[in-house]
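Colleague: For reference, the chains in residue letters:
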Amino acid sequence: MSEHHVDNTGSKFGMWLFLYSELMLFGGLFVLYAAYYYQYTTFFISGGKQLDLFLGTMNTVILLLSSFTVACSIEAMRKNSKKLVLLLLGLTVFFGILFLCNKYIEWNHKFQHGIYPGSAYMEQSAKGLVIFFGLYFTMTGLHALHLLIGLIVIGVCFFLCWSDRINAKDFITLDNSGLYWHLIDVIWIFLFPLFYLIL
Amino acid sequence: MGNAVKYVDDAFIYIIVFSLFLLVVITATMVYFVIKYRASKHPEPSDIRTNWKIELIWTVIPTIIALGMFYIGWQSYIGLRTVPPDAIEIDVTGMQYAWVFRYPNNKESESVLIVPQGKPIKLNITSLDVLHSLFIPAFRIKMDAIKNMKTYTWFYADKIGNYTIFCTEYCGVGHADMTGMLRIVTESEYSEWLNKK
Amino acid sequence: MSEEPSFYQTPSSNRLKGIWAWLLTTDHKRIGIMYLLVIMLWFSIGIVLGILIRTNLMFVNPKLMEAQTYNALFTLHGVIMIFLFIIPAIPSIFGNFLLPIQIGADDVFFPKLNLLSWYLYIAGGILAIVSLFLKGIPDTGWTFYVPFSINTQTGVTLSVFAVFILGISSMITGLNFITTIHRMRKDDMGWMQLPLFTWSIYATSWVQLLATPIVGVTLLVVIFERLFGVGLFDPSKGGDPLLYQHLFWMYSHPAVYIMILPAMGIISEIFPVFARKSIFGYKAIVASSMAIAIVGSLVWAHHMFVSGMSDVAVLVFSLLTFLVAIPSAIKVFNWVSTLYKGSIYVAPPLLFALCFVFLFCVGGFTGLIQGAAGPNVHIHDTHFIVGHFHFVMFGGTGFAFLAGLHFWWPKFFGRMYNFKAAYTGTILLTVGFIMHYMPMFILGLKGMPRRYYTYLPELQPMNFFAGIGAYIMVGGLVVVLINLLASFRRKESVPADPWGGTTLEWYVPSPPPLKNFVHEPVVNSYPYDFPKKFHEMKSSGNSANKGV
Amino acid sequence: MENTSHEHTLSYKGLSFILFLLLVLTGITVAISRVDLGIFRIWAALAIASLKAAFVLLFFMHIIQAGKRVTITFITTILILAMFIGFTFFDIAYR
Chain X
1 MSEHHVDNTG
11 SKFGMWLFLY
21 SELMLFGGLF
31 VLYAAYYYQY
41 TTFFISGGKQ
51 LDLFLGTMNT
61 VILLLSSFTV
71 ACSIEAMRKN
81 SKKLVLLLLG
91 LTVFFGILFL
101 CNKYIEWNHK
111 FQHGIYPGSA
121 YMEQSAKGLV
131 IFFGLYFTMT
141 GLHALHLLIG
151 LIVIGVCFFL
161 CWSDRINAKD
171 FITLDNSGLY
181 WHLIDVIWIF
191 LFPLFYLIL
Chain Y
1001 MGNAVKYVDD
1011 AFIYIIVFSL
1021 FLLVVITATM
1031 VYFVIKYRAS
1041 KHPEPSDIRT
1051 NWKIELIWTV
1061 IPTIIALGMF
1071 YIGWQSYIGL
1081 RTVPPDAIEI
1091 DVTGMQYAWV
1101 FRYPNNKESE
1111 SVLIVPQGKP
1121 IKLNITSLDV
1131 LHSLFIPAFR
1141 IKMDAIKNMK
1151 TYTWFYADKI
1161 GNYTIFCTEY
1171 CGVGHADMTG
1181 MLRIVTESEY
1191 SEWLNKK
Chain F
2001 MSEEPSFYQT
2011 PSSNRLKGIW
2021 AWLLTTDHKR
2031 IGIMYLLVIM
2041 LWFSIGIVLG
2051 ILIRTNLMFV
2061 NPKLMEAQTY
2071 NALFTLHGVI
2081 MIFLFIIPAI
2091 PSIFGNFLLP
2101 IQIGADDVFF
2111 PKLNLLSWYL
2121 YIAGGILAIV
2131 SLFLKGIPDT
2141 GWTFYVPFSI
2151 NTQTGVTLSV
2161 FAVFILGISS
2171 MITGLNFITT
2181 IHRMRKDDMG
2191 WMQLPLFTWS
2201 IYATSWVQLL
2211 ATPIVGVTLL
2221 VVIFERLFGV
2231 GLFDPSKGGD
2241 PLLYQHLFWM
2251 YSHPAVYIMI
2261 LPAMGIISEI
2271 FPVFARKSIF
2281 GYKAIVASSM
2291 AIAIVGSLVW
2301 AHHMFVSGMS
2311 DVAVLVFSLL
2321 TFLVAIPSAI
2331 KVFNWVSTLY
2341 KGSIYVAPPL
2351 LFALCFVFLF
2361 CVGGFTGLIQ
2371 GAAGPNVHIH
2381 DTHFIVGHFH
2391 FVMFGGTGFA
2401 FLAGLHFWWP
2411 KFFGRMYNFK
2421 AAYTGTILLT
2431 VGFIMHYMPM
2441 FILGLKGMPR
2451 RYYTYLPELQ
2461 PMNFFAGIGA
2471 YIMVGGLVVV
2481 LINLLASFRR
2491 KESVPADPWG
2501 GTTLEWYVPS
2511 PPPLKNFVHE
2521 PVVNSYPYDF
2531 PKKFHEMKSS
2541 GNSANKGV
Chain G
3001 MENTSHEHTL
3011 SYKGLSFILF
3021 LLLVLTGITV
3031 AISRVDLGIF
3041 RIWAALAIAS
3051 LKAAFVLLFF
3061 MHIIQAGKRV
3071 TITFITTILI
3081 LAMFIGFTFF
3091 DIAYR
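Protein chains in written order, with our numbering: chain X, 1 to 199; chain Y, 1001 to 1197; chain F, 2001 to 2548; chain G, 3001 to 3095.
I should point out that these hints are in silico values taken from the structure, not numbers from a laboratory.
Heads up, the beta-carbon is just placed ideally off N, CA and C, and yes, glycines get one too.
A couple of the hints might just be wrong.
[What the hints assert, rightly or not] For each label pair, taking beta carbons as the anchor points, the in silico distance ranges come out as:
1) Y/THR1186 to G/TRP3043: 57 to 63 Å
2) X/SER46 to Y/THR1186: 52 to 58 Å
3) X/PHE94 to G/ILE3072: 34 to 40 Å
4) G/ILE3072 to X/ASP164: 46 to 52 Å
5) Y/ASP1009 to F/MET2192: 43 to 49 Å
6) Y/TRP1052 to X/ILE149: 49 to 55 Å
7) Y/LEU1056 to G/SER3016: 55 to 61 Å
8) X/LYS169 to G/VAL3024: 33 to 39 Å
[To be verified] Just a few of them, taken from the derived set where beta-carbon distance is under 7 Å, the chain F residues facing chain X:
9) THR2179
10) LEU2209
11) LEU2210
12) THR2218
13) LEU2232
14) LYS2237
15) GLY2238
16) LEU2243
17) LEU2514
[To be verified] Here are the computed lysine-lysine pairs in the DSBU-like style, where the Cα-Cα straight-line distance is at most 30 Å:
18) F/LYS2533 to F/LYS2341
19) F/LYS2283 to F/LYS2532
20) Y/LYS1006 to Y/LYS1159
21) Y/LYS1041 to F/LYS2532
22) F/LYS2341 to F/LYS2283
23) X/LYS169 to F/LYS2112
24) X/LYS79 to X/LYS169
25) Y/LYS1036 to F/LYS2341
26) F/LYS2515 to F/LYS2420
27) G/LYS3068 to F/LYS2283
28) F/LYS2538 to Y/LYS1041
29) F/LYS2538 to Y/LYS1036
30) Y/LYS1159 to Y/LYS1196
31) F/LYS2515 to F/LYS2533
32) Y/LYS1196 to Y/LYS1107
33) F/LYS2515 to F/LYS2112
34) F/LYS2532 to Y/LYS1036
35) F/LYS2491 to Y/LYS1036
36) Y/LYS1119 to F/LYS2446
37) X/LYS127 to Y/LYS1150
Whole structure, please, built from the sequences with the hints as guidance.
Modeller: Listed below in structure tokens is the structure:
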């Protein structure tokens, strides 16, 4: 009978199921985005122009790099080169923090121009613009929150690798954490054009 | 033109009759089986597992019945949505907790809607605050009132009398008191009232 | 098998003692029992609130309560009954306890996650209570429609967050079950050997997994709206309240299927056992479960026919609504046909199941009336709706829940209840139920809106009558529940298979031991093979064989 | 017990190549956003984003190696989300 054997395929399947639910979580907001884009196209274009394309692109590149380092770290784990794993995970955390710093700069910049939900400036703006920035803050905010959680997860993985509790024989935790991190990347891959490139 | 109400009622009757019939058949069959095949009378059960012909039949027939119900329901809905061109347009505004009606000559009335007999009436509905819903059961009409959005409904004012108006979208503490009165009066009475001050 | 200690005597992890053996357990059976306890508690609270509401409506004039109190009460009644009772009840109690046993496994795939989802459920419940005392009882109705839910001063933020947490709990349970069914079935149990209850839980779990996050994020936006004024749903800032309704029903309509699908699963288990005969059309029932789960996810906007939505959408969603009725009809026909040429023994579970079929049919047929676009306009948001969904939710899911409770009670606790009291309770409950909810259809057709603490005086007799029905119904319910509790006072224990069932849970002792199976379970090539079962029972020389 | 860990996955070199492709695609999507494509603006951006996401899913997340079960359920999920978005437009687009 089923003794507690290790079923990595099962754990991974469970992780994927979790990722589906995350997709649907953002999916709800994508429904909102699609509907409001249809309704307020011109305002979305003018709103998009007010966003910092350079910072947005930088963040895309940073996240792609971090995804790459995570993918490599799993490869390195498979090859049992612990030092490389730690280096790559460290890099990932670094990229993640860099992303959040960029986000902070960007949001801060917007706030200083009075662009934030419920601000006096927004009250006077056109409704389409309020909606655009409402979506922008909600979606990138939720994304940043996920990234923060991802950072903690990757950080924990770092220490587990350090103490050999994740090792070449059993690295399903790292594998699954990697999946989560990639999903954050995938979501950003869509958020980036939807907000920054609608010009 | 006063047929919108009739169409809706016909749809009701059509669906209810079919449903009642099926309900009775299903329940009766079930009870009959329970009695006929009770263990004391029928100790040896047979081993029937499936029968694709029957499955197919009772998939197709309900589908046809359901599509029939859909069609008749949709037809009656079209009647509720197609406003005759000669309709009198009245603006309706819902607010916590009253209805305000504005007539073609900009006269306003609160909670009482007065319309002339023998005319189709179009109601253009909006809201000042939260969601409301204008409901006149006698004419089978209901439509939500939404801030910054225009919705409409219409009815044919065929019989003189007083009819109750309800709010059916929950809107707060005064929700149940947000009722009004629809008064259908004669043409002359209406114009007299409309042009008074 | 009496030498094998039951799971009650064997703490599941380490050497936990006393209360900790429960609170820190990862045993799916203990978690199921813990759910049972808490969910029954919430159910009782919900019933009390409901009876208060109906008592108030019995009379037009001497008012039991103010409008604000009434609004708070129906909000609480809705939130508790939906999010804390009906949605979790069957998957969390019966799913947890039985699903692993039915597929021959010793636990769910993620036992710790399972415990976590229980704690999330508790946390959500506690948060819901806290929200009452912090900022006043929410008064929005369980639907939290914007913009009212954004504007009202009551403690909506916290209760919405509570619902969000309950959603996560439900989602995790679904995730766990899907993985369990995929990965932990006995090797020789293929998809067409799964018991129908497991199938229905499988279909339900997918809905839980994919639909719940949508309402999760929607409620988060409502919270952002209340805290920061984002404006996404606020019409005065350019938001579109109809989009809230779309997103809300995108979850909450499928949630109806989260409630009814497992109920149908229970009924599909009970009918064959008490007819001593295989379920009629196993594959058709499986297919209709999946069809309901999929098509049922695409009919959400039939809650919005008068919301100002486009007529095209009304057309599409009305059509789809009628289509989703068909798999439900197929199931009903299959259940009834199962009785044909059976050898029927009307034990309490079957009596509940028979009542279920009748009440569920009434609920389903009145649902057709609402699916039709024209009639829907008239009865939307009236008492007709209240009657309809109580027939489906209580007459359907509630009765199936009670049926399941009577069916598996011996398996859970190893004790049998008194049959006579169970019959009496069931009859009282059903009669009261019909007296209580039938008048609502007429009230609704006459134009009595829902969520009104008062009404037109001419409707009083019928409301009074409905109120009497409510008291009879609750009386029946009390009899049923007390009878179940009274079973603990009986000394004699129950054999492994008191009913003669064919699915695997009847091959383990009642209550089961920690590892569920004393012997390696044998999977039948057909899960409802009654001739084989009879043969086994004869050869073991005992009609109620004590474990295999 | 199936085990995915020994199935062949991309080497560092392969992963680097995918990263390179992703960066190039990012460049392209930024570049064409400067061109006025009218209503195709959003579709072009989404097409490139989908391509990028596909690369991440295929080569970083190894969705194929995770088994048929994952591939099928993933596609189903995406389809359901697409239907949710699409069906909303029965309302939005005809209001």
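Colleague: None of the hints should be skipped; say for each whether it holds.
Modeller: Hint check:
1. For the pair Y/THR1186 and G/TRP3043, the supplied restraint of 57 to 63 Å holds, since their beta-carbon distance comes to about 59 Å.
2. Taking 52 to 58 Å as the suggested C-beta distance range, the pair X/SER46 and Y/THR1186 conforms, at roughly 55 Å.
3. Here the CB-CB span from X/PHE94 to G/ILE3072 is close to 37 Å, well matched to the stated 34 to 40 Å.
4. One distance hint, 46 to 52 Å for the beta-carbon pair G/ILE3072 and X/ASP164, is violated here, with the actual separation near 36 Å.
5. With their beta carbons about 47 Å apart, Y/ASP1009 and F/MET2192 fall inside the hinted range of 43 to 49 Å.
6. Distance hint for Y/TRP1052 and X/ILE149: a CB-CB separation of about 51 Å, consistent with the stated range 49 to 55 Å.
7. A hinted range of 55 to 61 Å for the beta carbons of Y/LEU1056 and G/SER3016 is consistent with their spacing of about 57 Å.
8. Between X/LYS169 and G/VAL3024 the beta carbons are some 37 Å apart, a value that agrees with the proposed interval 33 to 39 Å.
9. With a cut of 7 Å, the hint placing F/THR2179 at the interface with chain X holds, because the nearest CB-to-CB distance is about 4 Å.
10. With a least beta-carbon distance of about 5 Å to chain X, the hint placing F/LEU2209 at the interface is held under the 7 Å criterion.
11. Proximity of F/LEU2210 to chain X holds as hinted, the smallest CB-CB distance being about 5 Å (cut-off 7 Å).
12. With a cut of 7 Å, the hint placing F/THR2218 at the interface with chain X holds, because the nearest CB-to-CB distance is about 6 Å.
13. About 5 Å separates the beta-carbon of F/LEU2232 from the nearest beta-carbon of chain X, less than 7 Å, and the hint is met.
14. The criterion of a C-beta within 7 Å of any C-beta in chain X is met by F/LYS2237, whose closest approach is roughly 5 Å, and the hint holds.
15. Interface hint at F/GLY2238: satisfied, since its Cβ lies 3 Å from the closest Cβ of chain X, which is below the 7 Å cut-off.
16. The interface hint given for F/LEU2243 holds, since its Cβ lies 6 Å from the closest Cβ of chain X, which is under the 7 Å cut-off.
17. Checking F/LEU2514 against chain X by beta carbon gives a least distance of about 12 Å; that is not within 7 Å, so the hint is violated.
18. With a CA separation close to 17 Å, the supplied pair F/LYS2533 and F/LYS2341 stays within the 30 Å bound.
19. With a C-alpha separation of about 20 Å, the suggested pair F/LYS2283 and F/LYS2532 falls inside the 30 Å cut-off, and the hint holds.
20. The hinted pair formed by Y/LYS1006 and Y/LYS1159 meets the criterion: a straight-line CA distance of about 14 Å does not exceed 30 Å.
21. Between the alpha carbons of Y/LYS1041 and F/LYS2532 the distance comes to roughly 22 Å, so the proposed pair stays at or under 30 Å and holds.
22. The hinted pair formed by F/LYS2341 and F/LYS2283 meets the criterion: a straight-line CA distance of about 20 Å does not exceed 30 Å.
23. Straight-line distance between C-alpha atoms of X/LYS169 and F/LYS2112 comes to about 23 Å, which keeps the hinted pair within the 30 Å bound.
24. Of the supplied pair hints, the one linking X/LYS79 and X/LYS169 holds, its CA atoms being roughly 10 Å apart against a limit of 30 Å.
25. Proximity of Y/LYS1036 to F/LYS2341 is assessed by CA-CA distance (about 8 Å); at most 30 Å being required, the pair is judged to hold.
26. Between the alpha carbons of F/LYS2515 and F/LYS2420 the distance comes to roughly 34 Å, so the proposed pair goes past 30 Å and is violated.
27. A hinted pair counts as satisfied when its Cα atoms are at most 30 Å apart, and G/LYS3068 with F/LYS2283 qualifies at roughly 23 Å.
28. Among the hinted pairs, F/LYS2538 with Y/LYS1041 is consistent with the structure: their alpha-carbon atoms are about 20 Å apart, no more than 30 Å.
29. Distance check on the hinted pair: F/LYS2538 and Y/LYS1036 sit about 25 Å apart at the alpha-carbon level, within 30 Å; holds.
30. Among the hinted pairs, Y/LYS1159 with Y/LYS1196 is consistent with the structure: their alpha-carbon atoms are about 23 Å apart, no more than 30 Å.
31. Under the criterion of a C-alpha separation no larger than 30 Å, the hint pairing F/LYS2515 with F/LYS2533 is consistent with the structure, at around 24 Å.
32. Note on Y/LYS1196 and Y/LYS1107: the hinted pairing holds, with a Cα-Cα distance of about 9 Å set against a maximum of 30 Å.
33. With a CA separation close to 16 Å, the supplied pair F/LYS2515 and F/LYS2112 stays within the 30 Å bound.
34. As the CA atoms of F/LYS2532 and Y/LYS1036 are separated by approximately 24 Å, the hinted pair is consistent with the 30 Å bound.
35. A distance of roughly 36 Å separates the Cα atoms of F/LYS2491 and Y/LYS1036; the hinted pair therefore is violated under the 30 Å criterion.
36. Using a Cα cut-off of 30 Å, the hinted pair Y/LYS1119 and F/LYS2446 holds, with the two alpha carbons roughly 24 Å apart.
37. The suggested pairing of X/LYS127 with Y/LYS1150 holds, with an alpha-carbon distance near 17 Å, which does not exceed 30 Å.
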